[in-house]
Amino acid sequence: MISESYNIYPLLDLMGTFIFALSGAVAARKKGLDIFGIFSIAFTVACGGGIIRDLCIGAIPPAGLTNWLYLVMVLAATLIGIVFNRTVNILNHPVLVFDAVGLSVFAVSGARKAIVFEHNYEVAILLGIVTAVGGGVIRDILLDRVPVILRKEIYASAAMVGATIVVIGEYLHYSLETVSVVAIVVCFGLRFLGLHFHWNLPSFPDKESEKDK
Amino acid sequence: MISESYNIYPLLDLMGTFIFALSGAVAARKKGLDIFGIFSIAFTVACGGGIIRDLCIGAIPPAGLTNWLYLVMVLAATLIGIVFNRTVNILNHPVLVFDAVGLSVFAVSGARKAIVFEHNYEVAILLGIVTAVGGGVIRDILLDRVPVILRKEIYASAAMVGATIVVIGEYLHYSLETVSVVAIVVCFGLRFLGLHFHWNLPSFPDKESEKDK
Amino acid sequence: MISESYNIYPLLDLMGTFIFALSGAVAARKKGLDIFGIFSIAFTVACGGGIIRDLCIGAIPPAGLTNWLYLVMVLAATLIGIVFNRTVNILNHPVLVFDAVGLSVFAVSGARKAIVFEHNYEVAILLGIVTAVGGGVIRDILLDRVPVILRKEIYASAAMVGATIVVIGEYLHYSLETVSVVAIVVCFGLRFLGLHFHWNLPSFPDKESEKDK
Chain A
33 MISESYNIYP LLDLMGTFIF ALSGAVAARK KGLDIFGIFS IAFTVACGGG IIRDLCIGAI
93 PPAGLTNWLY LVMVLAATLI GIVFNRTVNI LNHPVLVFDA VGLSVFAVSG ARKAIVFEHN
153 YEVAILLGIV TAVGGGVIRD ILLDRVPVIL RKEIYASAAM VGATIVVIGE YLHYSLETVS
213 VVAIVVCFGL RFLGLHFHWN LPSFPDKESE KDK
Chain B
33 MISESYNIYP LLDLMGTFIF ALSGAVAARK KGLDIFGIFS IAFTVACGGG IIRDLCIGAI
93 PPAGLTNWLY LVMVLAATLI GIVFNRTVNI LNHPVLVFDA VGLSVFAVSG ARKAIVFEHN
153 YEVAILLGIV TAVGGGVIRD ILLDRVPVIL RKEIYASAAM VGATIVVIGE YLHYSLETVS
213 VVAIVVCFGL RFLGLHFHWN LPSFPDKESE KDK
Chain C
33 MISESYNIYP LLDLMGTFIF ALSGAVAARK KGLDIFGIFS IAFTVACGGG IIRDLCIGAI
93 PPAGLTNWLY LVMVLAATLI GIVFNRTVNI LNHPVLVFDA VGLSVFAVSG ARKAIVFEHN
153 YEVAILLGIV TAVGGGVIRD ILLDRVPVIL RKEIYASAAM VGATIVVIGE YLHYSLETVS
213 VVAIVVCFGL RFLGLHFHWN LPSFPDKESE KDK
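Protein chains in written order, with the working numbering: chain A, 33 to 245; chain B, 33 to 245; chain C, 33 to 245.
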């Protein structure tokens, strides 16, 4: 039952892993890291959020460390990010679309796994967000910059909406399958529209901004 | 029994959560993060230290993810940090005082929870410190700066004194209630006096300082 | 049985802890941190990787928090890093050699502990690497720079080779003792030769490098 959430969307889940790893590999290459550094960042982006989720719900050892398919995806993404770097950069637009798919799938699978482990709805929503965006946040920490997802755009907020739909569906006893599809579509749609129309959440610049205390 | 440490000082605990979240929200707003980024930093400061503590003592899932009262405190602090930003900045001095209360309460409740989970005294002291300062450290990492508490002032050291008093009291079989009050008062007093008199722990500047290897 | 991996190489393990803590103390002192900050960084470098490993394999509470010998090593390293700072800097070369010993011992003990806890080979290799390099990565994050081990040199890759030898030996049912000695020697040799001959893994600089998206 626990592994169920991984049997149903295995292709989407692996695709999300691959795309997240690719985004990490491209960012790490730009920073001039060596080949092992590129692999480490790629692995972190792809599996970091899920590992934090698994630690928090008590799924030991974390799936990201035990499932060799994830490792294969990360290795493939690292190689492609290095060898076809120019192509990947040209394909920036499609990559953002795939990234939105990864975001949606991870938000939904994170919330589902928390529910399967019988945790409450708050845990499910928070860990849905963590699964979807945790890896990207760790990537930016390792690359020594303020996590981009905290600064702009509809991103983590789309993950929150996706995870919340899963929780509402669970509360109303709807079929988890149907609800998951709806949640993925809505989360993806929000992110895609946000990208297309350059939606940003409000921030509050003032004269003091960018200054530390 | 496990939740006992949360029934006794619930008001102080929630106050500490609120104040820590407020300090995170103000710092995130200054950095120009969007509304979701501000909430994320506020949540991290308020609940991050406790989540690390709970992972280390095996309290799964962490209280910071399951107790909706914490979430309400963080949401309230986020809103107040955004709407009343000017007032909060003027109130800098009172906020530092409340922050000292949060530090003291979290150091004591962290050490107590480790003891309740039957871990040894070293774990209790180390996790008392982590509970009190962990959130602030993660905040500074996310905002891309060297954690301020590592650089100056009596802060983590006050938390260590508070957690140590709890452990000594436990060892001498004193009432946990009395000991906790003493520990909170001493920790708060140290931090408050440190702020007032600008006490700093020694550091060791030399010609090479601030240079990386 | 669980503690077995700590009874066999206790001296090497403690020596690795001490050296890692010393490297953290020296780096933190250079950054101008206060005495508590120096201790915190030293503790993090020495015990951080092992704590993450223990959380991932379910060894609660982590050994780094319960074994007072580690704490003594860290305290001693902090004091020596502060008092004999000049000497330690002159001894840079020997310190790098001891650090290579720590790297090798931690990579092997990390992989062994994962196997003892009956996790699969992928977990053992990944956590061997994490045990060996995790602390250094957290140190660099706290000191606000891109982790040096991701940028250059044979370092994490030597740890991977060491952990992989342990796993291959386990798979072939060789004596864990013999295999561990071989793994430590090979890992140390790789790191030492890499230092001596300035080996670097390939990185991929281009006109766009060092620019963020």
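Note that these hints are calculated values from the structure, not bench results. Misleading hints may appear alongside valid ones.
Derived DEER-like restraints, expressed as beta-carbon distance ranges [said to hold, decoys possible]: (1) His-230(A) with Gly-90(B): 21 to 27 Å; (2) Leu-43(A) with Arg-177(C): 36 to 42 Å; (3) Arg-118(B) with Val-104(A): 51 to 57 Å; (4) Tyr-203(A) with Leu-43(B): 27 to 33 Å; (5) Val-115(C) with Val-104(A): 46 to 52 Å; (6) Arg-177(A) with Phe-229(C): 30 to 36 Å; (7) Val-217(A) with Ala-108(C): 56 to 62 Å; (8) Glu-150(B) with Asp-176(C): 51 to 57 Å; (9) Ser-207(B) with Asp-176(C): 19 to 25 Å; (10) Gly-90(B) with Phe-116(A): 28 to 34 Å; (11) Pro-42(B) with Val-217(A): 39 to 45 Å; (12) Glu-209(B) with Val-213(C): 41 to 47 Å; (13) Asp-176(C) with Gly-90(B): 29 to 35 Å; (14) Leu-43(B) with Val-115(C): 43 to 49 Å.
Even for Gly, the Cβ is constructed at its ideal location relative to N, Cα and C.
Here is what the structure says about each hint:
no.: 1; hint: His-230(A) with Gly-90(B): 21 to 27 Å; in the structure: violated, 45 Å
no.: 2; hint: Leu-43(A) with Arg-177(C): 36 to 42 Å; in the structure: holds, 39 Å
no.: 3; hint: Arg-118(B) with Val-104(A): 51 to 57 Å; in the structure: holds, 53 Å
no.: 4; hint: Tyr-203(A) with Leu-43(B): 27 to 33 Å; in the structure: holds, 31 Å
no.: 5; hint: Val-115(C) with Val-104(A): 46 to 52 Å; in the structure: holds, 50 Å
no.: 6; hint: Arg-177(A) with Phe-229(C): 30 to 36 Å; in the structure: holds, 33 Å
no.: 7; hint: Val-217(A) with Ala-108(C): 56 to 62 Å; in the structure: holds, 58 Å
no.: 8; hint: Glu-150(B) with Asp-176(C): 51 to 57 Å; in the structure: violated, 37 Å
no.: 9; hint: Ser-207(B) with Asp-176(C): 19 to 25 Å; in the structure: violated, 44 Å
no.: 10; hint: Gly-90(B) with Phe-116(A): 28 to 34 Å; in the structure: violated, 44 Å
no.: 11; hint: Pro-42(B) with Val-217(A): 39 to 45 Å; in the structure: holds, 41 Å
no.: 12; hint: Glu-209(B) with Val-213(C): 41 to 47 Å; in the structure: violated, 54 Å
no.: 13; hint: Asp-176(C) with Gly-90(B): 29 to 35 Å; in the structure: holds, 32 Å
no.: 14; hint: Leu-43(B) with Val-115(C): 43 to 49 Å; in the structure: holds, 45 Å
Checked against the numbered hints given earlier, this structure breaks hints 1, 8, 9, 10 and 12; the rest are met.
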